[in-house]
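Student: According to the working numbering, the sequence shown is numbered sequentially starting from 2.
Keep in mind the hints are simulated off the structure, nothing from the lab. For every residue, glycine included, the Cβ atom is placed at its ideal position computed from N, Cα and C. Treat each hint with caution, since some may be false.
No farther apart than 25 Å at their CA atoms in a straight line, the calculated lysine to aspartate or glutamate pairs in the DMTMM-like style are these [to be verified]:
(1) K20 with D35
(2) K49 with E5
(3) K43 with E54
Simulated restraints, written as ranges between beta carbons of each label pair [unchecked claim]:
(4) E4 with Y46: 27 to 35 Å
(5) P11 with E50: 16 to 24 Å
(6) Q7 with N32: 16 to 24 Å
(7) E38 with Q7: 29 to 37 Å
(8) Q7 with L33: 28 to 36 Å
(9) E54 with P11: 14 to 22 Å
(10) N10 with T34: 32 to 40 Å
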Amino acid sequence: RYEEFQLQNPLLKSAIVSKAFQSVYGRYVRNLTDDFEVVFEKLIYAMKEVRPEEIEVEEF
């Protein structure tokens, strides 16, 4: 998705994964009850649904 969105900042790769994870499990998850493989399957599917305008860039 990083290349598809033509992003320049490599830190945005983690923003894509973070947004996908939050869409699946919520923002303040403490425990995952899913198996390791299931988590990644859900995460891969959710990353396909992330849109460029959803990615938030934090300025330092």
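Student: Would you mind marking each hint as holding or not holding in the structure?
Tutor: Hints, one by one, checked against the model:
no.	hint	verdict
1	K20 with D35	18 Å, holds
2	K49 with E5	11 Å, holds
3	K43 with E54	21 Å, holds
4	E4 with Y46: 27 to 35 Å	19 Å, violated
5	P11 with E50: 16 to 24 Å	22 Å, holds
6	Q7 with N32: 16 to 24 Å	36 Å, violated
7	E38 with Q7: 29 to 37 Å	31 Å, holds
8	Q7 with L33: 28 to 36 Å	32 Å, holds
9	E54 with P11: 14 to 22 Å	19 Å, holds
10	N10 with T34: 32 to 40 Å	34 Å, holds
This entry does not satisfy hints 4, 6, going by the numbered hints stated previously.
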